[in-house]
Amino acid sequence: MCIWVHVCCRVSPNHNYLVYTIDVTGSKQVVLQIKDLRNDCVLPALRVEGVFSVEWAKDSCTFFYTLSDQNQ
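Read left to right, the sequence shown gives residues 61 to 132 (my numbering).
Cβ pair distances, simulated, as ranges: (1) Lys118 x Asp96: 10 to 20 Å; (2) Phe123 x Asn99: 16 to 26 Å; (3) Thr126 x Leu78: 13 to 23 Å.
Bear in mind the hints are in silico, worked out from the structure with no lab data behind them.
C-beta atoms are modelled at their ideal positions from N, C-alpha and C, and glycine is treated no differently.
Could you build all of it, start to finish, from the sequences and the hints given here?
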């Protein structure tokens, strides 16, 4: 099975979490993943299509993502 890791990945400000996107099918059906870097555990996945970028809030508990414009 091929997995494409997108370039949008960010470590939380407190360095405890990594948020990143993967595309397991090549169809741009992106899965957001959050990994707890303290215990190497991946949290349950969130399926979101067309994620363009991700960013953490300063509290390290909240993150934001933007979607690409599918009309362009």
